[in-house]
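Read off the chains here:
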Amino acid sequence: MSKTNPGNFFEDFAVGQVIEHATPRTITEGDRALYGALYPTRFALPSSAAFAAQVGLSPAPVEELIAFHIAFGKTVPDVSLNAVANLGYAECRFHRPLVPGDTLRTRSEVIGLKQNSNGRSGVVYVRSTATDQHGAVALEWARWVMVHKRDAEAPAPQTVVPELAPVVAPSDLVIPAGLDFTAYDFAAAGEPHRFGDYAVGERIDHVDGVTLTDSEHMMATRLWQNTAKVHFNTEARPDGKRLIYGGHIISMARALSFNGLANVQLIAAINAGAHVSPAFAGDTVYAWSEVLDAVETDAPGVGALRLRLVATRGRDETMTLRGDDGKYADGVLLDLDYWALIPR
Amino acid sequence: MSKTNPGNFFEDFAVGQVIEHATPRTITEGDRALYGALYPTRFALPSSAAFAAQVGLSPAPVEELIAFHIAFGKTVPDVSLNAVANLGYAECRFHRPLVPGDTLRTRSEVIGLKQNSNGRSGVVYVRSTATDQHGAVALEWARWVMVHKRDAEAPAPQTVVPELAPVVAPSDLVIPAGLDFTAYDFAAAGEPHRFGDYAVGERIDHVDGVTLTDSEHMMATRLWQNTAKVHFNTEARPDGKRLIYGGHIISMARALSFNGLANVQLIAAINAGAHVSPAFAGDTVYAWSEVLDAVETDAPGVGALRLRLVATRGRDETMTLRGDDGKYADGVLLDLDYWALIPR
Amino acid sequence: MSKTNPGNFFEDFAVGQVIEHATPRTITEGDRALYGALYPTRFALPSSAAFAAQVGLSPAPVEELIAFHIAFGKTVPDVSLNAVANLGYAECRFHRPLVPGDTLRTRSEVIGLKQNSNGRSGVVYVRSTATDQHGAVALEWARWVMVHKRDAEAPAPQTVVPELAPVVAPSDLVIPAGLDFTAYDFAAAGEPHRFGDYAVGERIDHVDGVTLTDSEHMMATRLWQNTAKVHFNTEARPDGKRLIYGGHIISMARALSFNGLANVQLIAAINAGAHVSPAFAGDTVYAWSEVLDAVETDAPGVGALRLRLVATRGRDETMTLRGDDGKYADGVLLDLDYWALIPR
Numbered sequence: 001m002s003k004t005n006p007g008n009f010f011e012d013f014a015v016g017q018v019i020e021h022a023t024p025r026t027i028t029e030g031d032r033a034l035y036g037a038l039y040p041t042r043f044a045l046p047s048s049a050a051f052a053a054q055v056g057l058s059p060a061p062v063e064e065l066i067a068f069h070i071a072f073g074k075t076v077p078d079v080s081l082n083a084v085a086n087l088g089y090a091e092c093r094f095h096r097p098l099v100p101g102d103t104l105r106t107r108s109e110v111i112g113l114k115q116n117s118n119g120r121s122g123v124v125y126v127r128s129t130a131t132d133q134h135g136a137v138a139l140e141w142a143r144w145v146m147v148h149k150r151d152a153e154a155p156a157p158q159t160v161v162p163e164l165a166p167v168v169a170p171s172d173l174v175i176p177a178g179l180d181f182t183a184y185d186f187a188a189a190g191e192p193h194r195f196g197d198y199a200v201g202e203r204i205d206h207v208d209g210v211t212l213t214d215s216e217h218m219m220a221t222r223l224w225q226n227t228a229k230v231h232f233n234t235e236a237r238p239d240g241k242r243l244i245y246g247g248h249i250i251s252m253a254r255a256l257s258f259n260g261l262a263n264v265q266l267i268a269a270i271n272a273g274a275h276v277s278p279a280f281a282g283d284t285v286y287a288w289s290e291v292l293d294a295v296e297t298d299a300p301g302v303g304a305l306r307l308r309l310v311a312t313r314g315r316d317e318t319m320t321l322r323g324d325d326g327k328y329a330d331g332v333l334l335d336l337d338y339w340a341l342i343p344r
Numbered sequence: 001m002s003k004t005n006p007g008n009f010f011e012d013f014a015v016g017q018v019i020e021h022a023t024p025r026t027i028t029e030g031d032r033a034l035y036g037a038l039y040p041t042r043f044a045l046p047s048s049a050a051f052a053a054q055v056g057l058s059p060a061p062v063e064e065l066i067a068f069h070i071a072f073g074k075t076v077p078d079v080s081l082n083a084v085a086n087l088g089y090a091e092c093r094f095h096r097p098l099v100p101g102d103t104l105r106t107r108s109e110v111i112g113l114k115q116n117s118n119g120r121s122g123v124v125y126v127r128s129t130a131t132d133q134h135g136a137v138a139l140e141w142a143r144w145v146m147v148h149k150r151d152a153e154a155p156a157p158q159t160v161v162p163e164l165a166p167v168v169a170p171s172d173l174v175i176p177a178g179l180d181f182t183a184y185d186f187a188a189a190g191e192p193h194r195f196g197d198y199a200v201g202e203r204i205d206h207v208d209g210v211t212l213t214d215s216e217h218m219m220a221t222r223l224w225q226n227t228a229k230v231h232f233n234t235e236a237r238p239d240g241k242r243l244i245y246g247g248h249i250i251s252m253a254r255a256l257s258f259n260g261l262a263n264v265q266l267i268a269a270i271n272a273g274a275h276v277s278p279a280f281a282g283d284t285v286y287a288w289s290e291v292l293d294a295v296e297t298d299a300p301g302v303g304a305l306r307l308r309l310v311a312t313r314g315r316d317e318t319m320t321l322r323g324d325d326g327k328y329a330d331g332v333l334l335d336l337d338y339w340a341l342i343p344r
Numbered sequence: 001m002s003k004t005n006p007g008n009f010f011e012d013f014a015v016g017q018v019i020e021h022a023t024p025r026t027i028t029e030g031d032r033a034l035y036g037a038l039y040p041t042r043f044a045l046p047s048s049a050a051f052a053a054q055v056g057l058s059p060a061p062v063e064e065l066i067a068f069h070i071a072f073g074k075t076v077p078d079v080s081l082n083a084v085a086n087l088g089y090a091e092c093r094f095h096r097p098l099v100p101g102d103t104l105r106t107r108s109e110v111i112g113l114k115q116n117s118n119g120r121s122g123v124v125y126v127r128s129t130a131t132d133q134h135g136a137v138a139l140e141w142a143r144w145v146m147v148h149k150r151d152a153e154a155p156a157p158q159t160v161v162p163e164l165a166p167v168v169a170p171s172d173l174v175i176p177a178g179l180d181f182t183a184y185d186f187a188a189a190g191e192p193h194r195f196g197d198y199a200v201g202e203r204i205d206h207v208d209g210v211t212l213t214d215s216e217h218m219m220a221t222r223l224w225q226n227t228a229k230v231h232f233n234t235e236a237r238p239d240g241k242r243l244i245y246g247g248h249i250i251s252m253a254r255a256l257s258f259n260g261l262a263n264v265q266l267i268a269a270i271n272a273g274a275h276v277s278p279a280f281a282g283d284t285v286y287a288w289s290e291v292l293d294a295v296e297t298d299a300p301g302v303g304a305l306r307l308r309l310v311a312t313r314g315r316d317e318t319m320t321l322r323g324d325d326g327k328y329a330d331g332v333l334l335d336l337d338y339w340a341l342i343p344r
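Residue numbers (the UniProt record's numbering), protein chains in the order written: chain A, 1 to 344; chain B, 1 to 344; chain C, 1 to 344.
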């Protein structure tokens with residue numbers, strides 16, 4: 001058994017430590033097809049090589065979340081195999097669109113540590129960077145996760161809590177080289193709403209719902225080579241349920257958001273994200289969005305919207321994020337804050 | 001909510017109206033693989049690049065039903081989101097085989113309208129045309145669908161019922177350029193039966209059955225970007241079941257028909273189709289076929305069979321389409337009338 | 001019904017008979033993606049084009065078991081449609097890595113026959129050879145299977161039991177042309193353990209478990225065009241369960257073995273295999289391995305390990321293959337003996 005990976009425990013991490021994660025992974029057209037089978041996505045840019053070419057991107061990139069899940073999955077065996085909870089994301093930026101044939105690998109640096117007062121676990125902060133086959137940065141993000149200690153008696157490390165930006169500054173968004181929305185085909189994309197049609201504060205109920213199944217979330221999670229046991233093994237939790245990978249809910253909500261945000265073609269950054277409640281097979285997921293900010297960019301015809309994407313169990317037509325007590329409302333599964341590109 | 005698509009209601013359609021449907025979609029090798037994972041298809045031509053090249057088609061086309069489902073799926077948000085029932089198909093012709101890299105988009109023209117006597121719904125007839133990335137017609141079909149009225153008080157439009165051919169004339173079948181069955185490899189294809197071995201009136205019990213699952217039909221239906229809620233959401237129907245997309249049954253029956261029709265390699269046209277009963281997870285689908293007509297074509301070694309493909313819930317060795325009362329027999333799910341190409 | 005394939009019965013086979021199996025099949029990137037969605041595989045070589053190129057293989061091969069399942073699936077309609085049980089494998093050798101674009105077809109020769117004493121069935125031994133689009137051998141194997149007789153009164157054939165090697169001799173292993181492990185990237189592969197770190201007799205508990213679902217095993221089994229009814233049809237067995245294709249368990253166990261055998265990148269041969277117990281949806285599969293032998297090869301940096309891969313229902317930390325009575329221990333699903341290539 002000594003040859004198998006038990007994962008790292010809280011006391012195995014040190015600030016400044018760099019971890020090279022295993023299993024580089026080449027993106028293929030098979031990933032694009034499976035993504036479309038697992039999520040009801042209809043965004044024209046990743047769906048159509050012709051549409052993508054028309055806006056300056058050829059070959060057609062795959063959805064940014066494919067790259068995110070692949071890059072993220074690599075960190076699981078080293079960072080979160082013994083996690084209690086995935087606490088948050090920040091400063092996630094997509095540096096270039098990825099296309100079939102690109103190979104991703106991921107490296108993480110430990111940027112913070114804070115033992116919990118109970119002495120049995122602690123919070124690990126990492127900054128992860130995924131590079132392509134040429135060594136160029138493809139995407140990067142920070143996340144923090146609560147990890148078990150192997151030995152409650154192990155001494156606490158010095159507390160280091162990194163300063164992370166609450167929002168990626170618009171000037172730090174990377175616009176894909178060549179992107180040009182001036183000849184954008186709104187009929188092909190499915191909705192007429194452009195940058196200027198969205199008002200800060202506006203909320204959009206995406207209406208549609210999808211009932212989750214175990215086969216589908218397991219297939220998705222394996223595709224990203226995410227190995228956390230709780231997603232696959234009914235013997236891993238006392239209730240015999242398979243906990244659904246939080247990224248599955250992100251992708252489901254993003255796909256559902258097509259209905260109302262069909263022109264939000266590219267995700268440029270993820271500012272923050274919280275997996276508020278666990279999801280299981282049988283739950284029906286709905287989504288709503290709130291427009292948080294809107295800025296123009298230098299790219300021709302390209303605007304950026306900052307959006308809150310909320311996934312819920314059951315539809316909430318009132319689109320309530322938090323109750324009067326300031327806590328997340330019942331049924332909220334995901335609260336994701338991101339920047340996306342849309343034609344002006 | 002005003003930004004989301006509520007779908008069209010009966011009174012939103014007008015004869016002569018042209019609808020450009022959203023989300024062009026590029027076909028990939030991933031679609032071919034997923035199709036083979038979702039349906040037990042073993043037809044040699046779409047399975048093998050070597051076999052396809054031997055009969056004059058290179059690269060190997062994907063199954064015609066992949067193109068049909070993709071092209072059809074695009075019409076759902078505009079035509080049948082508020083449908084009561086999909087009533088029928090006619091005059092569906094496949095103009096050229098589609099290969100990975102081809103991009104489809106679909107346009108529909110309203111060709112008929114007939115309000116129901118109850119005043120609460122009506123029948124919409126559309127002719128839909130899917131074109132490839134060069135603007136050439138890839139396939140076309142007519143269908144009619146019963147759609148809810150938004151407002152029962154809205155006035156009835158003038159009734160226009162288009163004349164649709166009960167059968168595509170053999171002279172209108174498009175034979176793929178280059179198709180040549182003279183060097184056809186029957187051993188590779190799996191059965192020795194050629195054009196002349198099938199007699200008009202002959203029925204073939206395809207023997208095998210497949211029990212349906214929710215994960216599989218949802219993955220298939222998403223792959224075609226079909227958004228009808230009832231397929232995905234257990235909260236969309238009072239019985240909590242997910243209604244299976246009729247096209248899933250078409251593809252399942254077509255794949256099952258390999259056993260007895262292994263040399264029916266290409267679908268050239270769909271003359272008519274009726275989704276007789278709904279299907280749900282847990283149903284076991286079987287299929288039988290009846291030879292309706294047989295004509296030679298000008299292409300070398302190529303004959304055309306007109307076939308009735310019947311899918312049933314549970315096996316019916318008697319292959320009974322209709323009872324003495326003229327109604328479809330219990331258990332019939334699908335009655336599809338099509339033209340297909342087979343070596344002479 | 002006369003046009004459908006009833007499969008061969010015991011008395012339909014004759015020693016020396018050669019069967020050309022149907023449906024040549026081209027491997028695609030879609031197969032690679034689906035394999036990664038269905039099994040938790042993380043081996044770096046088939047996952048990454050960059051990693052594969054670094055060890056001399058470009059384009060990146062797909063996993064050997066994809067080729068095995070495809071080639072094997074073709075034999076089912078002719079050899080094992082009426083099988084009582086799949087009894088064993090031997091002398092399986094992989095002659096070259098397969099890549100997307102390669103087309104496989106399979107031919108089998110009957111090399112042995114032995115009627116059972118009950119007169120109602122018999123054992124059929126076949127040697128099967130899968131060739132690529134150039135006619136070169138891609139892989140070959142022998143297997144024996146117990147097949148029903150159509151007519152218990154049919155005379156027994158002369159008994160011929162072929163001599164099959166209990167183990168493929170190391171000198172008969174085919175090392176892929178160009179394979180060079182001298183610049184092997186252990187960090188990318190995920191574990192530091194190399195050839196010399198494994199001792200004959202060592203056992204490795206692979207720790208992780210996966211709970212099986214019907215949708216997933218059916219999708220896998222269809223992907224290989226395996227048509228055995230019991231895998232797909234709840235009406236095919238008295239208990240209403242879908243029996244899981246034995247190859248699904250092989251692939252699941254092989255993928256789980258990553259945890260402890262991450263550098264066992266290529267399967268070179270399968271010496272023997274027994275499907276000890278049936279598996280069904282809901283079972284949770286675990287795996288353990290035993291090192292049976294270790295030999296160096298002439299290829300730069302390449303060693304070969306002979307491994308026993310055992311899949312179990314439920315985790316057996318004692319890693320017990322057989323009880324004191326010599327019979328397989330409760331819960332053992334699979335006992336597979338194979339040769340694999342690993343960096344020295």
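By construction, these hints were calculated from the structure, which means they are not laboratory data.
Hints may be right or wrong, so weigh each one.
Stated by the list, open to error - Simulated crosslink set (EDC-like; lysine to aspartate or glutamate; CA at most 16 angstroms straight-line):
| # | chain 1 | residue 1 | chain 2 | residue 2 |
| --- | --- | --- | --- | --- |
| 1 | B | 114 | B | 11 |
| 2 | C | 114 | C | 191 |
| 3 | A | 114 | A | 202 |
| 4 | B | 3 | A | 197 |
| 5 | C | 3 | B | 197 |
| 6 | A | 3 | C | 202 |
| 7 | B | 3 | A | 205 |
| 8 | C | 114 | C | 12 |
| 9 | B | 3 | A | 151 |
| 10 | C | 3 | B | 290 |
| 11 | A | 3 | C | 317 |
| 12 | C | 149 | C | 197 |
| 13 | A | 3 | C | 191 |
| 14 | C | 149 | C | 290 |
| 15 | B | 3 | A | 12 |
| 16 | A | 149 | A | 205 |
| 17 | B | 3 | A | 191 |
| 18 | C | 3 | B | 205 |
| 19 | A | 3 | C | 290 |
| 20 | A | 3 | C | 197 |
| 21 | C | 3 | B | 20 |
| 22 | B | 3 | A | 78 |
| 23 | A | 114 | A | 205 |
| 24 | A | 149 | A | 11 |
| 25 | C | 3 | B | 11 |
| 26 | C | 3 | B | 191 |
| 27 | A | 3 | C | 205 |
Tested hints:
1. 114/B with 11/B: It holds: about 11 angstroms lies between the C-alpha atoms, which stays within 16 angstroms.
2. 114/C with 191/C: Roughly 47 angstroms separates the two Cα atoms, so the pair is violated.
3. 114/A with 202/A: violated, 38 angstroms
4. 3/B with 197/A: holds, 10 angstroms
5. 3/C with 197/B: holds, 10 angstroms
6. 3/A with 202/C: holds, 11 angstroms
7. 3/B with 205/A: Holds, because 9 angstroms separates the two Cα atoms, which is no more than 16 angstroms.
8. 114/C with 12/C: This hinted pair holds, its Cα atoms lying about 13 angstroms apart.
9. 3/B with 151/A: violated, 54 angstroms
10. 3/C with 290/B: holds, 12 angstroms
11. 3/A with 317/C: With a Cα-Cα distance of about 14 angstroms, the restraint between residue 3/A and residue 317/C holds, given a limit of 16 angstroms.
12. 149/C with 197/C: It is violated: about 50 angstroms lies between the C-alpha atoms, which goes past 16 angstroms.
13. 3/A with 191/C: holds, 8 angstroms
14. 149/C with 290/C: Violated - the C-alpha atoms of residue 290/C and residue 149/C are around 38 angstroms apart, more than 16 angstroms.
15. 3/B with 12/A: Violated: residue 3/B and residue 12/A sit about 50 angstroms apart, past 16 angstroms.
16. 149/A with 205/A: With Cα atoms ~42 angstroms apart, residue 149/A and residue 205/A exceed 16 angstroms; violated.
17. 3/B with 191/A: holds, 8 angstroms
18. 3/C with 205/B: holds, 9 angstroms
19. 3/A with 290/C: holds, 13 angstroms
20. 3/A with 197/C: Holds: residue 3/A and residue 197/C sit about 10 angstroms apart, inside 16 angstroms.
21. 3/C with 20/B: Roughly 44 angstroms between the alpha carbons, so the hint for residue 3/C and residue 20/B is violated.
22. 3/B with 78/A: violated, 43 angstroms
23. 114/A with 205/A: violated, 38 angstroms
24. 149/A with 11/A: The given pair, whose Cα atoms are some 6 angstroms apart, holds under the 16 angstroms limit.
25. 3/C with 11/B: violated, 50 angstroms
26. 3/C with 191/B: holds, 8 angstroms
27. 3/A with 205/C: holds, 9 angstroms
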